[in-house]
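**Student:** Sequence:
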Amino acid sequence: MPSIRNILAAAVVLVSSVRADYVIDPNSVSLTDRNNWCQSEKSTCPLICQQTSPGTTLVNDCDPKTLTYGCVCGDNKQPNVSEYSLTLPYFVCQKWGDQCVQACGQDNTCSAACREDHPCGALNPTRVNTTSSTSSATATSSGAQATDSNAIYTGLAGSEDGSGSGNGNAAFRLGEDGLFGFVILAASVSLGVFML
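If you read the sequence shown in our numbering, its first letter stands for residue 3, the second for the next number, and so on.
No wet-lab data here; the hints were simulated from the structure.
Incorrect hints may appear among the rest.
[As the list claims (entries may be wrong)] Once the Cα atoms are required to be at most 27 Å apart in a straight line, the calculated BS3-like pairs of lysine-lysine come out as:
(1) Lys44 <-> Lys79
(2) Lys79 <-> Lys67
(3) Lys44 <-> Lys67
Kindly produce the complete structure, drawing on both the sequences and the hints.
**Tutor:** Structure, rendered in structure tokens:
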């Protein structure tokens, strides 16, 4: 049986509309699209809430008729879902951009400003939980740092200071074993082409 606190939290969240600066007339979007947007919102909210302790979702609702939603994590906090793609605020922002471009007509400067000055979705989500590792192969430390009580993330993945700079990211590293593997792969491909 739902508690009074959860019912009130759901009511407050559902009464509030999309927390972005972008407002569109729900009827300017087909009901099919709005249903898809809400399905995506309902799928994304639990994924965002998994990033906080205890990793559960208390409220996960979306109303396609009014374009309102509710997402409250297990820690009783509402994440800023407008920082993420595939959420209702993301889709509303995209549609707002489309309508802005249409209203600009043939004015390319105006159209460009609609998109460039009003980016949507996954810009740079704030990180609450950051992971850092030591250079020793035997010791690894990780911990969570909260910089904002409502934030989900701070900084970029793999950075200790949150700036994302440095050479700790191994997305494309050609050092020691990486260069040797690349040379072997290139030689194998060249040999295969030569044999044809």
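**Student:** It remains to establish, for every hint, whether it holds in the given structure.
**Tutor:** We went through each hint and held it up to the structure:
Of the pairs offered as hints, the one joining lysine 44 and lysine 79 holds, with about 16 Å between alpha carbons and a cut-off of 27 Å not exceeded. Using a Cα cut-off of 27 Å, the hinted pair lysine 79 and lysine 67 holds, with the two alpha carbons roughly 25 Å apart. About 15 Å separates the Cα atoms of lysine 44 and lysine 67, which keeps this hinted pair within 27 Å; it holds.
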